[in-house]
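A.B. asks: Going down the list, the protein sequences come from chains A and B.
Each residue of the first sequence is one higher than the one before, starting from 1 at the first, in full-length UniProt numbering.
Each residue of the second sequence is one higher than the one before, starting from 1 at the first, in full-length UniProt numbering.
I should point out that these hints are in silico values taken from the structure, not numbers from a laboratory.
Even glycine gets a Cβ: it sits at the ideal position worked out from N, Cα and C.
Mixed in with the good hints, there may be bad ones.
[To be verified] Computed from the model, here is a short list of chain A residues facing chain B with C-beta under 8 Å:
1. V54
2. K56
3. T57
4. E58
5. T59
6. Q81
7. A84
8. G86
9. R108
10. I110
11. L163
12. E165
13. P166
14. L184
15. L242
16. M245
[Unchecked claim] A short list of chain A residues far from chain B (calculated; beta carbon distances all over 10 Å):
17. D46
18. K95
19. L140
20. D183
21. S187
22. I209
2 protein chains.
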Amino acid sequence: MESEKILNLSVDCVVFGYDTNTKSLNVLLIKRYLKSKFTSEVLVDDYVLTGYHVLKTETLDDTATRVLKELTGLTDQYKKQFKAFGDPDRLTNPKDLVWIANEAFNLRTITIAYYFLLKTEDVNLEQNTFEAKWFPINALPDLGFDHEKIILEAYEDLKEKCLSEPIIFKLLPDKFTINEVQDLYQSILGIDIDNRNFRRKLINKKYIIALDEKQIGVSKKPAQLYMFSMDIYNKMFSKNYLISM
Amino acid sequence: MESEKILNLSVDCVVFGYDTNTKSLNVLLIKRYLKSKFTSEVLVDDYVLTGYHVLKTETLDDTATRVLKELTGLTDQYKKQFKAFGDPDRLTNPKDLVWIANEAFNLRTITIAYYFLLKTEDVNLEQNTFEAKWFPINALPDLGFDHEKIILEAYEDLKEKCLSEPIIFKLLPDKFTINEVQDLYQSILGIDIDNRNFRRKLINKKYIIALDEKQIGVSKKPAQLYMFSMDIYNKMFSKNYLISM
DNA sequence: ACAAAAGTGTTCTAAGTACACCCATGC
DNA sequence: GCATGGGTGTACTTAGAACACTTTTGT
Chain A
1 MESEKILNLS VDCVVFGYDT NTKSLNVLLI KRYLKSKFTS EVLVDDYVLT GYHVLKTETL
61 DDTATRVLKE LTGLTDQYKK QFKAFGDPDR LTNPKDLVWI ANEAFNLRTI TIAYYFLLKT
121 EDVNLEQNTF EAKWFPINAL PDLGFDHEKI ILEAYEDLKE KCLSEPIIFK LLPDKFTINE
181 VQDLYQSILG IDIDNRNFRR KLINKKYIIA LDEKQIGVSK KPAQLYMFSM DIYNKMFSKN
241 YLISM
Chain B
1 MESEKILNLS VDCVVFGYDT NTKSLNVLLI KRYLKSKFTS EVLVDDYVLT GYHVLKTETL
61 DDTATRVLKE LTGLTDQYKK QFKAFGDPDR LTNPKDLVWI ANEAFNLRTI TIAYYFLLKT
121 EDVNLEQNTF EAKWFPINAL PDLGFDHEKI ILEAYEDLKE KCLSEPIIFK LLPDKFTINE
181 VQDLYQSILG IDIDNRNFRR KLINKKYIIA LDEKQIGVSK KPAQLYMFSM DIYNKMFSKN
241 YLISM
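All chains should be built: construct the whole structure from the sequences, respecting the hints.
C.D. replies: Here it is in structure tokens:
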């Protein structure tokens, strides 16, 4: 198994998870920690994205799927390959060199970066072999390698994509309220949206379906629940070439 | 120099060139031809994208820039890295295997695909060491490797991108007529656009500047010339988060 | 009864869409 | 003077933007 790794090629995964309760868009990161064997000095103590070498027999998409499964146990989540990072010096700051000395890494490693969209509630971090933790996109910790850059580029891509495609619903539970969708847009884009205009716009979409259900267990007026129908979306959607530049 | 190649990593370039006269969006391809040494049977006779291995000391962007320069002599053209292709079997059809036997290629090569936007008139194919030729995007020849797939994905990305960013002007001469812009949109998107509505829309953009010039040397009524101002575009442009999904 | 969040309507403005003829020029 | 492509105007429809109060529910 180990022998099948392509040593200069990896996939890194930016796992976005939205927490409906705290209204926070988070990124799942794993701890990187290394103490000197001799002086017990802490050499490396930060966070990185999950990633792994591409194996010789698998596609890039397979690698990403495998990496996500090992971290979260989840499969079939929305994923997107968004950029390759391959600068010759991307792994060459001192902390990273110390770390790499412990691992079977080529110095010149190209990484194909993916991002995933899912709900934090679907991930159980307790039974996790990595020290994985959610961080709000706006309060990232100290990051190793070029992973801060990768995360920020993923985030830019996500911002753009959520305006033109209904990927926002990948971040929400199957049943959601209109206000939850609005909160999510506001979190991602960092803007305020007028509630009346937003409701009208969303409710008028045929692929947003009002359910015969309301929230339960909330301590105030329970809100109407809706679902998103990918089927209806696909059927009605024909690209309508709106040249806005 | 040769020794610095990363054997399992390449960059392939989809060079889009627009010909204002023939109103054709073209792709620049190079000939791939191989005869058997013994039977003089033609083993390979098709076209491929230009590409080359990434060198150990250069960034991916550098590789793309170098490849374009070697093919066309041009630098400073619009380029975009749009996708990595790395399936284990992407180079394994019989014709490709014959070809690869002649070259220093790993079977499992990952390619980072870029596309370029330029004007066919800027490229001089006469003094070209490759047998390079323009092909209309809708009449591509027989293509080697997975290059047809790569071209079609580049084209999809271009279609999408030209709707939201002013990259269309990279394909046009500095001074252009409104109808030339319309023709270009129609070529790329494969749609008809109402001329009156299009003119109004375009002329109202502050970054489209009417010049004190008309076409010369045309055999009919000469049209008003315009230019695109990237400066004005950048100054006025603030992303206006229009949620359309 | 009160706190909290859900939900509701109208007016104005900007932009898209549909549609058919005259005009200026080079030859 | 005529063929060719350049250029023009109006009415309608749709969607976005601005804006503040009432309703429902659980506690």
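A.B. asks: All hints are to be evaluated individually against the structure, with a verdict given for each.
C.D. replies: How the hints compare with the structure:
The beta carbon of V54/A comes within 7 Å of a beta carbon in chain B, closer than 8 Å, and the hint placing it at the interface holds. With a least beta-carbon distance of about 6 Å to chain B, the hint placing K56/A at the interface is held under the 8 Å criterion. A distance limit of 8 Å between C-beta atoms decides the matter here; for T57/A the minimum to chain B is near 6 Å, and the interface restraint holds. With 8 Å as the threshold, the beta carbon of E58/A comes within range of chain B, its nearest partner Cβ sitting at about 7 Å, so the hint holds.
At its closest, the beta carbon of T59/A sits 5 Å from a beta carbon of chain B; the interface hint therefore holds under the 8 Å criterion. A distance limit of 8 Å between C-beta atoms decides the matter here; for Q81/A the minimum to chain B is near 7 Å, and the interface restraint holds. For A84/A, the suggested interface contact is upheld, since its CB lies about 5 Å from the closest CB of chain B, less than 8 Å. The criterion of a C-beta within 8 Å of any C-beta in chain B is met by G86/A, whose closest approach is roughly 5 Å, and the hint holds.
About 6 Å separates the beta-carbon of R108/A from the nearest beta-carbon of chain B, less than 8 Å, and the hint is met. Proximity of I110/A to chain B holds as hinted, the smallest CB-CB distance being about 6 Å (cut-off 8 Å). For the restraint placing L163/A at the interface with chain B, the shortest Cβ-Cβ distance is roughly 6 Å, inside the 8 Å limit, so the hint holds. A cut of 8 Å between beta carbons decides the hint on E165/A: the least distance to chain B is about 7 Å, and the hint holds.
The restraint placing P166/A at the interface with chain B holds, with a minimum CB-CB distance near 5 Å, inside the 8 Å limit. Interface hint status for L184/A: violated, as the beta-carbon distance to the closest one in chain B is roughly 11 Å, over 8 Å. At about 7 Å, the closest approach between the beta carbon of L242/A and any beta carbon in chain B falls short of 8 Å, and the interface hint on this residue holds. The beta carbon of M245/A comes within 5 Å of a beta carbon in chain B, closer than 8 Å, and the hint placing it at the interface holds.
Once the 10 Å rule is applied to beta carbons, D46/A is consistent with being away from chain B; the minimum gap is 24 Å. Here K95/A stays apart from chain B, with its beta-carbon at least about 22 Å from theirs, past the 10 Å limit. At the 10 Å boundary, the C-beta of L140/A stays outside the reach of chain B, the nearest C-beta of that chain being 22 Å off. No beta-carbon of chain B is positioned within 10 Å of the beta-carbon of D183/A; the least distance is around 14 Å.
Its beta-carbon lying about 13 Å from the closest one in chain B, S187/A satisfies the requirement of being farther than 10 Å from that chain. Every beta carbon of chain B lies more than 10 Å from that of I209/A, the smallest distance being close to 15 Å; the non-interface claim holds.
Hint check: a violation occurs at hint 14 only; the rest are consistent with the structure.
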